[in-house]
Amino acid sequence: MTFSLVARSDDGRLHGIVVASRFLAAGALVPGAAAEVGAIATQAHVNLAYRPQGLALLRTGVSAAGVVAGLVAADPERDHRQLGVVAATGPGATWTGPHCRGWAGGQAGDGWAAQGNILTGPQVVDALRDTWLAGAELPFPQRLLAALRAGEAAGGDRRGRQSAGLLVVRRCGGYGGTGDVMIDLRVDDHPDPVTELDRLLGVHMLLFSRPDPATLLDLTGALAVEVAGLLTALGYPADPAEPEDALVDWAGLENLEERLAPGRIDPVVLAHLRAAAPHVPAPRTAA
1 MTFSLVARSD DGRLHGIVVA SRFLAAGALV PGAAAEVGAI ATQAHVNLAY
51 RPQGLALLRT GVSAAGVVAG LVAADPERDH RQLGVVAATG PGATWTGPHC
101 RGWAGGQAGD GWAAQGNILT GPQVVDALRD TWLAGAELPF PQRLLAALRA
151 GEAAGGDRRG RQSAGLLVVR RCGGYGGTGD VMIDLRVDDH PDPVTELDRL
201 LGVHMLLFSR PDPATLLDLT GALAVEVAGL LTALGYPADP AEPEDALVDW
251 AGLENLEERL APGRIDPVVL AHLRAAAPHV PAPRTAA
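One point on numbering: in full-length UniProt numbering, the residue at position 183 of the sequence shown is 183, and numbering is uninterrupted.
No lab work stands behind these hints, which were simulated from the structure alone. Among the hints, a few may not be true.
Ranges of calculated distance between the beta carbons of each label pair, as one might list FRET restraints [what the hints assert, rightly or not]:
id, residue 1, residue 2, range
1, D192, A222, 42 to 48 Å
2, E254, A28, 24 to 30 Å
3, G179, D130, 32 to 38 Å
4, R210, A49, 32 to 38 Å
5, D79, V181, 31 to 37 Å
6, D245, A74, 56 to 62 Å
We put the beta carbon where it would ideally sit given N, CA and C, even for glycine.
My request is simple: use the sequences and hints to build the entire structure.
So this is what it looks like as structure tokens:
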């Protein structure tokens with residue numbers, strides 16, 4: 001009742017799963033991942049034990065194919081299961097039990113595994129594969145989501161749409177660098193879950209992505225004066241010579257603290273600030 005893609009980034013630092021289904025909260029059940037270890041999707045007649053057991057095997061160096069073989073061999077209900085696994089290195093692996101409802105099947109390659117059941121046909125998995133392979137220039141989360149959109153456009157779950165999820169892990173890639181869960185977004189019950197997941201990813205990237213140092217602007221001169229004026233208009237009195245304290249206060253309440261940089265300003269933060277107080281004109285010499 002689900003189609004999913006399990007994948008590893010080309011540099012091996014990120015692992016993720018993207019999933020959609022006509023099933024409530026598929027994102028809560030299907031994906032499991034550990035940074036620099038691997039990722040797993042369990043679906044069809046879901047076996048939640050596959051996630052911790054599979055990751056434990058991956059931590060010992062077992063290959064993706066070995067994990068799939070070990071999990072299904074020990075499971076008396078394996079004929080009703082579907083599973084995709086990617087390890088820290090090497091090809092992915094997938095399993096579709098013979099009693100999974102049709103259309104059901106999967107494919108795997110270097111660093112990825114795509115699978116689905118109760119689909120409109122094999123073209124859904126083909127679309128997951130082709131879009132993933134063609135999307136190397138995209139950021140990893142967007143590449144996963146592009147594959148999911150392609151799978152849905154190819155027919156997706158033959159019963160319709162209900163939920164979607166995206167899980168991405170990276171060592172110290174979580175909020176404030178204090179955890180490994182970089183993205184964990186779910187749309188549990190929605191008429192257009194993949195589109196909604198795309199919207200949520202955009203919000204997540206706005207709020208929690210760390211800025212590219214090459215794009216940061218020095219918070220001095222005319223730009224500092226403009227930022228101080230905007231902040232003051234929003235109720236955060238700021239010194240035109242040193243608006244940083246007020247900027248920190250405002251950004252914290254706007255949930256933009258991950259984008260702050262001492263003595264500089266992220267253009268994304270600046271754009272958000274300008275949009276929040278559009279009645280304050282920018283100086284002609286401002287960035």
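Status of the hints after comparison with the structure:
1. D192 x A222: 42 to 48 Å: Holds, since D192 and A222 (Cβ atoms, about 44 Å apart) stay within the stated range.
2. E254 x A28: 24 to 30 Å: holds (29 Å)
3. G179 x D130: 32 to 38 Å: holds (33 Å)
4. R210 x A49: 32 to 38 Å: holds (35 Å)
5. D79 x V181: 31 to 37 Å: holds (33 Å)
6. D245 x A74: 56 to 62 Å: The hinted range 56 to 62 Å holds for D245 and A74, with Cβ atoms some 58 Å apart.
Checked against the numbered hints given earlier, this structure breaks none of them.
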